[in-house]
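**Student:** Residues per chain, in single letters:
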Amino acid sequence: MSTGAKKRIMREYNECTADTPAGMKINFDEQNMTEWEILLDGPDQSIYAGGHFKLKMTFPTEYPFKPPVVSFKTKIYHPNVSNDDKGSMCLGMLRADEWKPPNKVVAVLRLIQALLIEPNADDAIEPSIANEYKENRKEFEKNAKDWVKRYAK
Amino acid sequence: MTDLATEDEREEELSTLQSIYPELSIISTSPLVADIDIAVAPVKPLPIVFGSEPVRYRLSYLPSLRLRITLPAVYPARKPPELALTTTPSWIPNHILRALEDVGRSLWEEYGGMPILFTYISHLQEATETAFGLADSTNTQSLQLPDDWKATLLEFDTTERREKFDQETFDCGICLEPKKGAVCYRMERCEHVFCKVCLQDFYSNAIIEGDVNSIKCLDPGCGKTGDATADRRKNARLLSARELLQIPLGWDMVKRLAEMKRKKKIEADKSIVNCPRKWCQGFARSEKYPKITDATLLENDPNSEPEEGSEHPAPDADAPAKSEDKIGKRPGGASTDRLAICEDCNLAFCCVCLASWHGDFVYCGPRKEAELSEEDQASLNFILKHTSPCPTCSVPSQKIHGCNHMTCYQCKTHFCYLCSSWLDPGNPYQHFNNKKKKGCYQRLWDLEEGDGGGDDVRFGGARGAVAEAEFWEQEALRIQMEEIQVHDNGGGNT
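Chains as they are written, first to last, in full-length UniProt numbering: chain A, 1 to 153; chain B, 1 to 494.
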């Protein structure tokens, strides 16, 4: 990783700590600054309220030319998070062909929060959950809350 | 005493002015003359048309207005200052300059013989904001200027803009550091600014990875309007090679990118063939996409990426006309155009049969028989059976009637229809009287009624002879095989 990239990550971390979106905590290890651990509370106005989620943000060597990789370490029932042990997310600016270098981590964090409040069913990684979200919202909410109880307490 | 006082007053006014405007220069003290250049940068760019060109330029910086002040001995009490305004080139219409000079006089009258130079200069500076009314919002007309001044004025605008830009400070969105304009680059189309190092890193990286489509402005919102289809179109607007060189990206990188783009286009174009030499496989008939050899080629390419929907821009439209031309110039004007020349190894080959070039008049078909249509196969068979090739130019000729001494209609070579050998034009018939030429001896008049192609005629020129020989060889083999079989069977019975 170039010094420029390290400098930028450092700068972004400082920016994040100065202006951390509410309900979020970042664990940063200077020895391994390319992997951030993020603790995220389910936003109050969302069905994930009360849940505590652990996420990992990994910066590729080419950062900021390539997007950071975000994954949920805590299982979550969500159309935009893969329902496997990876818990990966791939939409919007996180997609390699959509990512632009001036995008920032803060913007990514806000995107994640916004998605917890309102999932994007049209750009889903889990089609069945997306379908349920669209067709049977009650069932979806029940499942999501159930998972919060089971995995995110 | 009074004289001294007046002089002091004039000099004092000038020195005060000089401390406000350091660019003011005093040319002479007797008479008292001073020059000052007033920069012209209208708030709204000034629309200008040069000569009869239909293009309207909008310039933000124009050559400065020079004010020459001559102060008479009795200024300010009894005489107004002498004011002369000029520009080089004289882009401001004369009547405007004269009117501006008159303002000075009326100011002096208004102030009743008080020093007025500072007020006057401030007035001029204020007037530059609208380019002296030329760039007024109510004035929709463009300023008409002679063509000769175009270069000077455009260059002035660019240099000033550059200097202004260099002094500004920008936050580079990539390294997130504040950078001086001098180490930044402003995108031509959208005017987004990034630092040069970041742009160089990003684009070089993309070129090395072959990611042609990300060579565009890096601003996340750039080219996004919310309308998905329009966005896709705008997104396709990649930076031109010329702009990349300006950032600047190294020539090697830009060349590599241009070559990738060229290859992509060529691969999508079915009219382009690859060189049949296995070790080469270069492109042939790729004139439409000039090889990238030097920077001038890129400079001439205003936007290397054609707009969507016009996949085949102008060069394609006139391409057929060009190739027709070429065919017309070929001897005989044959309508086939099979000659292809590899751009890399210069091999001349036939793009149909992929053999090295055999001339226009040889009938050939695709290497694979499957690619040959039934009709083509039939005519190929006919040609093989009922024509003789000219020994010089290979054009197939069919004898309609007469003797077997032929003259090629194409290259006038004399040859024998039976064996295709060259005949001496001075004594062509000798060939048919030569006992050594077994196939042709005494056969000048064979097939006098012509090589009609009816099934009854088994002989057909040199190629026919070859075909016949093959037939008899097969026949001999068949008979031989039969005999062996008969023999075997006989043996088995006893």
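If you are wondering where the hints come from, they were derived from the structure by calculation, not from laboratory data. Ideal Cβ placement from N, Cα and C applies to all residues, glycine included. Warning: the hint list may mix true and false statements.
Said to hold, decoys possible - No more than 16 Å apart at the CA atoms, straight line, and that leaves these computed lysine to aspartate or glutamate pairs for EDC-like:
id, chain 1, residue 1, chain 2, residue 2
1, A, K66, A, E37
2, A, K66, B, D211
3, A, K66, B, D171
4, A, K6, A, D19
5, A, K7, B, D171
What the hints assert, rightly or not - Stretches of chain B that chain A covers, calculated by requiring three or more beta carbons in the stretch to come under 8 Å of a beta carbon on chain A:
id, stretch
6, 163–175
7, 196–206
**Student:** When the hints from earlier in the document are held up against this structure, which numbers fail?
**Tutor:** 1, 3 and 4
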